[in-house]
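Enquirer: Kindly produce the complete structure, drawing on both the sequences and the hints.
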Amino acid sequence: MRIAVTGASGYLGSRICQRLAGVGRVVRLGRSAPAERFTLAGGADAGIFRDNSVTALVHCAWDFSLHTRADLVARNVRGSIRLMEQARAEGAQTIVFISTISAFPGCRSDYGRAKLAVEDAAHRLGALVVRPGLVFGDQPGGVVGALNTMVRRLPVVPLIGNGRQVLYPAHEDDVAALIRRLVVRPALAAPGEPVIAAHERGWTLRQVLLELAARQRRRVAVVPVPWRSVWLPLKAAEVVGLRVPFRSDSVVSVLNQDPSPDFAPTRSVGVPFRDFARSTTSGESFHVR
1 MRIAVTGASG YLGSRICQRL AGVGRVVRLG RSAPAERFTL AGGADAGIFR DNSVTALVHC
61 AWDFSLHTRA DLVARNVRGS IRLMEQARAE GAQTIVFIST ISAFPGCRSD YGRAKLAVED
121 AAHRLGALVV RPGLVFGDQP GGVVGALNTM VRRLPVVPLI GNGRQVLYPA HEDDVAALIR
181 RLVVRPALAA PGEPVIAAHE RGWTLRQVLL ELAARQRRRV AVVPVPWRSV WLPLKAAEVV
241 GLRVPFRSDS VVSVLNQDPS PDFAPTRSVG VPFRDFARST TSGESFHVR
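Taking my numbering, I'd label the letters of the sequence shown as residues 1 to 289.
Keep in mind that a hint or two might mislead.
[What the hints assert, rightly or not] Okay, derived cross-link-like pairs now, SDA-like style, lysine to any residue, Cα gap no bigger than 20 Å in a straight line:
| hint | residue 1 | residue 2 |
| --- | --- | --- |
| 1 | Lys235 | Arg108 |
| 2 | Lys235 | Gly161 |
| 3 | Lys235 | Gly142 |
| 4 | Lys235 | Arg113 |
| 5 | Lys235 | Leu66 |
| 6 | Lys235 | Arg69 |
| 7 | Lys235 | Phe246 |
These are computed hints drawn from the structure, not numbers from a lab.
Expert: Encoded structure:
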């Protein structure tokens with residue numbers, strides 16, 4: 001097989017490439033060599049899928065530097081749809097779009113809404129949709145990476161809202177394994193039915209923070225704070241162009257999670273997900289009481 005992967009240099013994309021290397025040749029699509037040229041704004045060269053005999057596309061790329069809805073739609077949504085349409089037109093038999101568990105009917109974050117818009121197009125094209133949960137690993141990136149850094153540096157950790165929001169952790173290797181399974185056996189998932197890539201046991205935000213602290217053998221205090229007191233400074237910093245460790249829209253995502261994710265399609269794929277509390281490579285297990 002020849003599998004094209006966008007976002008191959010990113011946190012999750014790089015893990016996906018490692019897992020897919022055992023299936024066939026991985027064609028990386030990105031902005032710099034040795035990847036084939038691709039950007040969400042400019043697209044990919046005409047014929048790139050046909051010329052590389054690509055049989056499957058895993059679309060993982062997403063521009064997280066954008067902060068307005070108009071920019072999200074112009075670059076991420078339209079760019080993703082153009083790419084999937086091109087891949088289908090040039091002979092890619094299987095397309096897997098990496099969405100997010102934050103995308104669901106009624107979601108409030110701009111990130112979730114933008115992903116949901118791409119999902120609609122993916123379903124129209126017969127593509128498969130994977131919704132990863134809160135992705136973590138030994139050296140986590142994304143939201144978990146930001147939370148991990150906060151726990152390491154601060155003796156008192158601000159708890160957004162009441163901390164009772166339920167999140168669904170997903171180990172990076174298990175997410176990559178699920179995507180590999182779908183690339184090899186796409187019939188395991190039905191187009192139009194998003195596959196949740198996460199363990200079915202939910203963890204509250206408070207539990208996640210205390211678990212991360214336990215893994216670092218740190219004792220921290222978690223103090224509830226109004227979500228706007230966290231969101232507003234982050235949003236203000238983004239407006240003036242400052243880099244922030246945690247995006248303001250991520251605050252909205254954490255506060256507004258899918259109240260009842262459907263794990264039935266996940267069970268059909270048959271890839272097990274390890275529990276957040278039993279996932280350290282050292283074999284140690286830390287449990288929140």
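Enquirer: None of the hints should be skipped; say for each whether it holds.
Expert: Hints, verified against the model:
Proposed proximity of Lys235 and Arg108 is supported: the alpha carbons are some 16 Å apart, at most 20 Å. Between Lys235 and Gly161 the alpha-carbon distance is near 17 Å, which keeps this suggested pair within the 20 Å criterion. Proposed proximity of Lys235 and Gly142 is supported: the alpha carbons are some 18 Å apart, at most 20 Å. For the suggested pair Lys235 and Arg113, the alpha carbons sit about 18 Å apart, so the restraint of at most 20 Å is met.
Proximity of Lys235 to Leu66 is assessed by CA-CA distance (about 12 Å); at most 20 Å being required, the pair is judged to hold. This hinted pair checks out: Lys235 and Arg69 have alpha carbons roughly 13 Å apart, not beyond 20 Å. As the CA atoms of Lys235 and Phe246 are separated by approximately 10 Å, the hinted pair is consistent with the 20 Å bound.
Taken one by one, the earlier hints all hold for this structure without exception.
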